[in-house]
Amino acid sequence: MSLSEELLALFGKNVIRDAQGIDARMHFFGSVPADESLSQQLIETPVLRPKIVALVSINGGVGRSTLATALSSGLQRHGESVVALDLDPQNALHHHFGVSSTLPGIGRTSLEHGAWGPLQQVGFAGCQVITFGDIDIQQQENLERWLKHEPSWLARRLSSLGLSERDTVIIDTPAGNNVYFHQALSVADVVLVIVQADAACLGTLDHLDTLLAPYLEGERPPVVHVVVNQVDERNAFSLDMVEAFKQHLGKAPLEVHRDVAINEALAFAADPLDNVVKRLASDDINELCLLLKAPKKNA
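Counting along the sequence shown from 1, when you hit position 7 you're at 313 in this note's numbering, and nothing is skipped either side.
It is worth saying that the hints were derived from the structure and are not from the lab.
We treat Cβ as the ideally placed atom computed from N, Cα and C, and that holds for glycine.
Watch out, some of these pointers could steer you wrong.
Unchecked claim - Just the calculated beta-carbon pair ranges, DEER-fashion:
(1) R540 to P424: 38 to 48 angstroms
(2) D538 to G468: 41 to 51 angstroms
(3) A421 to K454: 37 to 47 angstroms
(4) A505 to P424: 22 to 32 angstroms
(5) S458 to T516: 32 to 42 angstroms
(6) E593 to N569: 36 to 46 angstroms
(7) D538 to G385: 42 to 52 angstroms
(8) V428 to N541: 16 to 26 angstroms
(9) N541 to T408: 20 to 30 angstroms
(10) S458 to L597: 33 to 43 angstroms
(11) S458 to L545: 34 to 44 angstroms
(12) P457 to F543: 15 to 25 angstroms
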């Protein structure tokens, strides 16, 4: 029995800056009661015109935020109009994009019934970034308690931004099964399940299937792709795990290869796609961007 078959057997399976962005494009090719005044500004049943892409994972540390940053920059370089939205209380995207941490983010602004539009900051290649912002534990608990009773919260908030079909929203979510995860799935046109080539991530796929099932059975089911991040071509185990994902999914997963230059961009708050020579990872991200540029399905 091969290594990938043995791994599958373990899980019960029989044998997946410049502000205008011109140079960059050329280079890459309390409680939270409903506020009446805000409610009047937001339509009751929002029609989401932009394409919504949610990056999710059960395991932490899989490079989800780094990939969200790279895809936002890459799509903007491809001529798309991108809004990167941090839906994770860890507030990581402001580090990745190097934007100001002094502005309030969506967490505190939502608690204060404020609008999200003024929160937008210019990110890499000219994309827009909306951070989660800093909130304390009590504020986070209040927000999450409210969101559990308001499943259309994110839909209404995105609708208030006045985005069009020319826009793409990239949503970074916290790892695991949580209220932010479900808010993102409720609006997503595309779901990217981010994993790494290891047994821990392989073991989460059945659980993810269960969590995704209600959304796939809805009126606007999202397209779901599994992305194996940081694949190491020099590591036989990494390649065996990719094969194990393929056998589990019944098709080849999408891959993004390991690239030290991209992984280290966070340390310098640099665009992960700046000065990246023609390598596997940049090719992978480019292919993902082309996939995400495809017209979304009709509702």
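To see whether the hints hold, each was checked on the structure:
1. Under the hint 38 to 48 angstroms, the C-beta atoms of R540 and P424, about 47 angstroms apart, fit the expected range.
2. One distance hint, 41 to 51 angstroms for the beta-carbon pair D538 and G468, holds here, with the actual separation near 43 angstroms.
3. Our hint of 37 to 47 angstroms for A421 and K454 is violated, since their Cβ atoms are close to 23 angstroms apart.
4. Restraint check, A505 to P424: a C-beta distance of roughly 45 angstroms breaks the suggested window 22 to 32 angstroms.
5. Between S458 and T516 the beta carbons are some 23 angstroms apart, a value that contradicts the proposed interval 32 to 42 angstroms.
6. Between E593 and N569 the beta carbon distance is about 19 angstroms. The supplied range of 36 to 46 angstroms is therefore violated.
7. Against the hinted window of 42 to 52 angstroms, the Cβ-Cβ separation of D538 and G385 comes to about 32 angstroms, which falls outside the hint.
8. The hint said 16 to 26 angstroms for the Cβ distance between V428 and N541, and at roughly 38 angstroms that hint is violated.
9. Evaluation of the 20 to 30 angstroms hint for N541 and T408 yields a failure: the beta carbon distance comes to about 42 angstroms.
10. Hint check: S458 to L597, Cβ distance near 28 angstroms, so the stated range 33 to 43 angstroms is violated.
11. Taken as a hint, the range 34 to 44 angstroms holds for the pair S458 and L545, whose Cβ atoms sit roughly 43 angstroms apart.
12. At roughly 41 angstroms, the beta-carbon separation of P457 and F543 lies outside the given 15 to 25 angstroms, and the hint is violated.
Of the numbered hints given earlier, the model fails hints 3, 4, 5, 6, 7, 8, 9, 10 and 12; all others are met.
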